[in-house]
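Visitor: Residue numbers (my numbering), protein chains in the order written: chain A, 3 to 259; chain B, 2 to 267.
Don't take every hint at face value.
[Unchecked claim] Under the rule of at most 20 Å between Cα atoms (straight-line distance), these lysine to any residue pairs were calculated in the SDA-like manner: (1) Lys94/A / Ala196/B; (2) Lys159/B / Arg263/B; (3) Lys94/A / His198/B.
The hints are simulated quantities; they were obtained by calculation from the structure and are not laboratory data. All figures in this text were calculated on a predicted structure; none of them were measured in a lab.
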Amino acid sequence: MIELRNVSKTYPNGTKGLNQINLTIGKGEFVVIVGLSGAGKSTMLRSINRLHEITDGEILIEGKSITKATGAGLRRIRRDIGMVFQSFNLVKRSSVMRNVLAGRVGYHSTLRTVLGLFPKEDINLALNALERVNILEKAYIRADQLSGGQQQRVAIARVLAQEAKIILADEPVASLDPLTTKQVMDDLKKINQELGITTIVNLHYIDLAREYATRIIGLRAGEVVFDGPVAEATDEVFAEIYGRPIKKDELLGEAAL
Amino acid sequence: MNGTGTNGLSRLPKKPSRIKHYLTFIIVLWMVWGSAVQTDSTFKELFTGLPEMWKLIEEMFPPNWQYFDNIVPAMLETIRMAIAGTTFGAIIAIPFAVISASNIVKTPWIIYPARFILNLIRTIPDLLLAALFVAIFGLGLVPGILALAVFSVGLIAKLTYEAAETIDPGPLEAMTSVGANKIQWIVFGVVPQVAAHYVSYVLYTFEINVRAAAVLGLVGAGGIGLYYEKTLGFLEYDKTNSIILFTLAVVLVIDFISTKLREKLL
Chain A
3 MIELRNVSKT
13 YPNGTKGLNQ
23 INLTIGKGEF
33 VVIVGLSGAG
43 KSTMLRSINR
53 LHEITDGEIL
63 IEGKSITKAT
73 GAGLRRIRRD
83 IGMVFQSFNL
93 VKRSSVMRNV
103 LAGRVGYHST
113 LRTVLGLFPK
123 EDINLALNAL
133 ERVNILEKAY
143 IRADQLSGGQ
153 QQRVAIARVL
163 AQEAKIILAD
173 EPVASLDPLT
183 TKQVMDDLKK
193 INQELGITTI
203 VNLHYIDLAR
213 EYATRIIGLR
223 AGEVVFDGPV
233 AEATDEVFAE
243 IYGRPIKKDE
253 LLGEAAL
Chain B
2 MNGTGTNGLS
12 RLPKKPSRIK
22 HYLTFIIVLW
32 MVWGSAVQTD
42 STFKELFTGL
52 PEMWKLIEEM
62 FPPNWQYFDN
72 IVPAMLETIR
82 MAIAGTTFGA
92 IIAIPFAVIS
102 ASNIVKTPWI
112 IYPARFILNL
122 IRTIPDLLLA
132 ALFVAIFGLG
142 LVPGILALAV
152 FSVGLIAKLT
162 YEAAETIDPG
172 PLEAMTSVGA
182 NKIQWIVFGV
192 VPQVAAHYVS
202 YVLYTFEINV
212 RAAAVLGLVG
222 AGGIGLYYEK
232 TLGFLEYDKT
242 NSIILFTLAV
252 VLVIDFISTK
262 LREKLL
């Protein structure tokens, strides 16, 4: 369970990134956060694993405050939260396998990981993760040899190998074409349903949000303006979130779905 | 006139003034002339010196080919000095590079002193370093190796931390998000992105060190340089020439191999 209590973020120049956000996200939910660029979607997502610091309020992960955690405690909480990024964030010069195993470093001693001595179970875990995203045959290929969609699937495998209980995906399909978009979103959905991993995704496309989410949260100028099940997220609601009628480029298109 | 010229354009963009170029030329000329006056160097002196120069060259040829047998051990020593010095320097350079890169260490009071030390090292010429170490450790290879090692630290660490500062921050963010500690973060996020650059800089430094090692003997720090001093002192210019040719050949071969390797790396 993730709880945001009165979370605010004010930038040094006085801009409000997030304003008094209160949210509770339960185990196994598939939440999609929508909103215009600059509405605070990314800031909110990155606050959850503290890649961004908040200036006010508190965030609790499974009842533990990540806001107050430091050092090993903070790393321990982060270990349970996997993150998928728009730009994949793989080490391009390393092999796919090493990228996936990087997700395991939080479980072992520094010395062991630095020497690359991952136990057999970890190797199996990594291979299984790669199989789950249908990319097992690329295990020993350098990451920069893969296409964008394949790289994103490796990033998802890294999260799986991490045995995360929560997945945060920050615009995971923004740099992919419609077909790969569907594959990656299907992977995320499958993982969410089969493993019961709580998943929070920032998305730009409205139809994609409706297709995959169980719950939609709308952000506007750093505030939650909508929070409800997909059925309630009508076109009027989206117009409200965006502050204007929906435009065509906010739809991925029926063809892909 | 300028407004509606013969070419029919209504507004011609203003031509940039050339005065800056003229001024630059005048200042450079003035500096060259001033330096010549201050150091008492004249073209006349150059011309009167020409025959002397020609005599030296005549004495250098033909090179004394037999002398090669005497200098091979010294040349090998020079190369060994360069290898040892570069290796020690390369190892010590790693922690320096890490604590100098602003995207790895966020504490200014670590970064700036570290960079200051690196800058300081690079301002000391390697011959001076060698002379200093000779004074401390006496004649021989050790001062030469130490001088090259110190010089290598300055160069490799500087180039490496600059390369480290341009790496993709994405994987670093990913490592933070998986709960890696600082060392794991560096080993998995930074090292794979910088390793090829680092090796390339080590090879490049090795090239420079071979050349530097060849003259370190002039101050008594071992290697082929000692023979330069000896043959020049005895006015045996044909032998000096052999050493020059030998050094040239060795440097060229090492440069060639190193350049090829570095091309493959990056």
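Visitor: Taking the hints in turn, state whether each one holds.
Guide: Hint-by-hint comparison with the structure:
no.: 1; hint: Lys94/A / Ala196/B; result: 13 Å, holds
no.: 2; hint: Lys159/B / Arg263/B; result: 18 Å, holds
no.: 3; hint: Lys94/A / His198/B; result: 15 Å, holds
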